[in-house]
Amino acid sequence: MSRKRTFLFGILASLSVFTSGCWSERQLTDIAMVAAVAIDRNEEGQYEASYQFFNPGNIAGGLQGGGGGQSPPVAVYTATGDTIMEVHGNMSRKISREPYYSHTNLVVISEELAKKEGIAPVLEAFDRGSQFRVTTSVVIAHGVKAKDLVTTLAALDKVPSQKIMQTLESTEKALGENIDIDLEEVINALVSPGREPMISGFTVKGDPKAGTKQESLQATEMPSPIVADGNAVFKNGKLVGWIEGTDARSVLWVMDRLQSTTITTAWAGQKDALSYRVVRQKTNVSADMKNGKPHISVHIHMEGDIGEVTVPINLKDPKTLEKIEKDIGKQVKKEIETSIRHTKKRKADIFGFGEVFHRAEPKEWKKVEKKWEDEIFPHLAVDVSVETFIRRTGLRNNSYLSEMKNGKE
Amino acid sequence: MEKAKISPRQLFVLMVLFQLGSSIIIPVGLTAKQDAWLAILGGMAGGLLLFLLYYKVGSYYPGLVPTEYMPKIWGPVLGKIFAFLYVLYLFYLAARVLRDFGEMLVIFAYPETPLFIINLLWMVLVVYTVRKGIEALARTGEILFTVVAILAVTSFILLVFNGSIDTRNLQPVFEEKPITLLKAMGESVTFPFGEILVFTMIYPYLTQLKKAKRVGLYAVLISGLILSVTMAINLSVLGFSLLSRSQFPLLSTIQTIQLAEFLERLDVFFMIGVIIGGFFKITIFVYVAIMGAASLFKVKESSHLVFPLGLITLFLSIGIAGNFPEHIREGLDVVPLYLHLPFQVIFPLLLLVGAILRNKKKQKKQLATK
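Here the protein sequences come in this chain order: A and B.
Numbering of the first sequence is given in the working numbering, commencing with residue 12 and proceeding in unit increments.
Numbering of the second sequence is given in the working numbering, commencing with residue 7 and proceeding in unit increments.
So here's chain A without its partners, still in its complex pose (with noise of 0.2 Å):
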């Protein structure tokens, strides 16, 4: 071999060494992927995360029919410190292996936390740390410990974030009274002037303790399950109040995030009559000056089917179909207005009307930009117009109540 050909052999050989990836190398044994995040806020201050752990072995092992003396499929580990970086350091005491945050989908924020200090705070190093992700769904602890939500197990999901996950994604879909926001949605919201957050609550029902153990998952009705419950509205960073059912709704439905639900609606003076379900639906807010004062309007053209009527109606007759569709859209008109005239005592413009003033009013809202939420969102002249299609009526005309003798017709 030649001085040149031993030379670049040397080289070779030593980048071998040096480049092939193990610097700062991670086994996985080494690592314990945290699927949620709770913070809660303990007595002395601090903040007390718990880390809702996936035990691989066990979810895999479960489908193989595993019996009742099974260790559940997460473990949760708490661990205090002032700030979220210290909570990490601090849980290095208690578990063996190294938290892995890639795969977290769920911050869990409890409600005393979120009211006193503000969610901002917390945040933060999920923002800027580079193995969370920006998708990952934020939720609120309504009425329980952050803690609860995480401990809790589930009965269809293995992994009890993951049913937090779906529960919110399909409950968004179906009824449209919880939003599903991710981190970069809350931080989008509390940065802007125009807008405040909305975040998702979610309770344990029951005894939060019972729901830890995995004999809980023995029974056919879970003693503690997880549930959704009402919608956290946020203020400068912190919880002010709760809204829920309509009121939540129409805020989805301003924000044009409602995906489908159903409307019930009275006919012929009978009190919840008929069914509407609403297949597609599209939101449009403008703004404007009208008087030298802001002006919003907001215009909702939805599309959907009848899905069921408890009283007679002749569904064949299109000028009964019309009327229905008339009813449909005031009574929307009547909840979002509604639910606007709500969310103006809290001064918290969660339908982000002051981003769509800002979007088709710059200059104007250079001047109210300071007080749009104390002063201009409480007074703020919004107008509302539904325009309803009823487009089927599912497999049936008439309902066979129509038939029934004793038919109230």
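Derived by calculation from the structure, the hints in this document are not laboratory data.
Idealized CB from N, CA, C, for every residue including glycine.
Be careful, since some hints might not be right.
Unchecked claim - Now the in silico label distances, taken between C-beta atoms and shown as ranges:
no. : chain 1 : residue 1 : chain 2 : residue 2 : range
1   : A       : Ala221    : B       : Leu127    : 51 to 57 Å
2   : A       : Ser297    : B       : Asn168    : 21 to 27 Å
3   : A       : Gln225    : B       : Asn329    : 29 to 35 Å
Said to hold, decoys possible - Reference listing, derived: stretches of chain A covered by chain B, where coverage requires no fewer than 3 residues with Cβ under 8 Å from a Cβ of chain B:
no. : region
4   : 191-200
5   : 362-371
6   : 399-412
What the hints assert, rightly or not - No farther apart than 25 Å at their CA atoms in a straight line, the calculated lysine to any residue pairs in the SDA-like style are these:
no. : chain 1 : residue 1 : chain 2 : residue 2
7   : A       : Lys293    : A       : Leu228
8   : A       : Lys377    : B       : Pro184
9   : A       : Lys293    : B       : Leu347
10  : A       : Lys15     : B       : Phe313
11  : A       : Lys301    : A       : Pro389
12  : A       : Lys327    : A       : Arg402
13  : A       : Lys15     : B       : Ser308
Knowing the structure of chain A, use the given hints to seat chain B on it.
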């Protein structure tokens, strides 16, 4: 000078990859807020003018690189001093870009690896490529350009289907004062578009020199459009506030993709694209810096300079800033005003004036001898 030839197509590919290299990860024109994408388009127009300027100057001295024609225009002493400063400028930019990409990798993917090691690995690759010459680089460019294009198109389609693009984030248009928009345009003229200056060191290798003008204009135009569209997408996905807080907005944009429960966490798209872009940007800077040094000091075998000067670039990249924010601040505040402006605008203008005057003299002499 090495003996090499590159085709107009290869030049085009190199130019586009070079222009997009670092500007696609580091946001440009943010002074204009949600109009940043418009500012980039304006900057592109400025970039086209600058390119024409460099081309015009070069056309007086075909086959020569700036470090060679500077002494011809400004006289041997002054010309060589400026040529030397010019080479230093190129080295500084090479080190800056190396730092950009090294930091990006440390922040995003390798938090525990020292920056020096990452930059060293970059430099090993760059030095190897520079030794292989411009032809090898150009051919690599042709292959990798396709890869980048496929990645870009795929990401775009995924973003559209993911529904993350919300064009309302681009409104209100023209919110800031026109002067702010102009300022943002001015900023984006020098970085990235003015950096096309380095290609004046590569023209002599072109097989068809005449085509350089058209190819260059196209390259600036296309990369400007890509950059503007990317910025518009970043803005509409992230919104201005999040974008301005992100070190690497494109990364955050790609991270929002969550399609069909399994197409998610596509950070690798960003990584591949950035590594390819970074490779060309750093390599071209180092290459032209070394060519400049070789022609200035009349070193016959320019490859002899590759190792020592590569090493200097490596150490320079570590030494130019104490931390990442300092590095970025220098790049956005100091460099455009005190380095880009003189080297990209003022000197070429002076060179053009000088070249025109010299040529007139020459013509007069020719006429007189006739």
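For each hint, the structure was consulted:
1. A:Ala221 <-> B:Leu127: 51 to 57 Å: holds (55 Å)
2. A:Ser297 <-> B:Asn168: 21 to 27 Å: holds (26 Å)
3. A:Gln225 <-> B:Asn329: 29 to 35 Å: violated (49 Å)
4. 191-200: holds (count 3)
5. 362-371: holds (count 3)
6. 399-412: violated (count 0)
7. A:Lys293 <-> A:Leu228: Judged against 25 Å, a Cα distance of about 41 Å means the pair is violated.
8. A:Lys377 <-> B:Pro184: holds (16 Å)
9. A:Lys293 <-> B:Leu347: violated (50 Å)
10. A:Lys15 <-> B:Phe313: holds (15 Å)
11. A:Lys301 <-> A:Pro389: Status holds; Cα separation ~16 Å.
12. A:Lys327 <-> A:Arg402: Judged against 25 Å, a Cα distance of about 12 Å means the pair holds.
13. A:Lys15 <-> B:Ser308: Holds - the C-alpha atoms of B:Ser308 and A:Lys15 are around 19 Å apart, at most 25 Å.
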